[in-house]
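J.: Working from the sequences, and respecting the hints, build out all of it.
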Amino acid sequence: MPGPFASATRGELRTVDGSVPWPGHGFRRTGVVRVRPRWTGLAALATGIGLGLTGCGQAPPPAEQVVSGGHAEAAGQTDPAAKWADGYCGAVTHLVRALANLPSIDPSSSEKATRTSSDLLASVATGIDQTVSGLHRVGPAPLPGGEPARTALLGQFTSVRHKADEVRGKLAAADNPDAVKAALDDAKTAIDQISRLDVLKGLDATPALSAAGKRAAGCQQLVVPPAPR
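Take any residue in the sequence shown, note its place counting from 1, add 1182, and you have its number in this note's numbering.
FYI, nobody ran anything at the bench for these hints, they're computed from the structure.
Errors might be hidden in some of the hints.
Claimed, not checked - Think about it this way: if two alpha-carbon atoms lie no more than 30 Å apart in a straight line, the pair counts; the simulated DSS-like pairs of lysine-lysine are:
#1 LYS1345 x LYS1363
#2 LYS1370 x LYS1383
#3 LYS1363 x LYS1294
#4 LYS1383 x LYS1345
#5 LYS1345 x LYS1294
#6 LYS1294 x LYS1370
#7 LYS1352 x LYS1294
#8 LYS1363 x LYS1352
#9 LYS1345 x LYS1370
#10 LYS1370 x LYS1352
T.: Structure representation (structure tokens):
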């Protein structure tokens, strides 16, 4: 049986209304956020926790046991793993919101496509920076197995952030149609790379961390239950 935070194909992201736009690609409406079909990483993020709470037949804990956003200090003292998971999910939320509210690409001209693509990548970079800062503040996981996944994710974010800056530089330097096309292709590749990030991998590292995620309100709030079919 896959871990409670493993990739899945249903569920909805709980965030403000938004979209993940790209010229030439359609959108799939999934309730509160539009997700392009190939944005599998974001889909996994949006569905993993919801399925973890329902797919294994385990109900979430009573409301008074939930750790919420680091505010329930008394609960955090008795359940440090849930408090850590809550902080982890709170950090990830910055990138989730950035991806859900990306500015649109304007394909009406090469100049506008270049400028709006750069704006989109800048928004992603801001979301990554906020998430990385949050993950550093959370610190090492209090349970074995979580720290390697957190460290690996931080490394992935560093790589993707560098790629976004590199592509923005190419967009700024593009001075002919061929260079613009190549830079826009690189921009799309960078966004697709971001979409494949498994940002909840740290919570699926061990059964104990997965269980902690199910006790953390900040993690539960990332998704709503999948709609009945």
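J.: Hints the structure violates: just list their numbers, smallest first.
T.: No numbers; nothing is violated.
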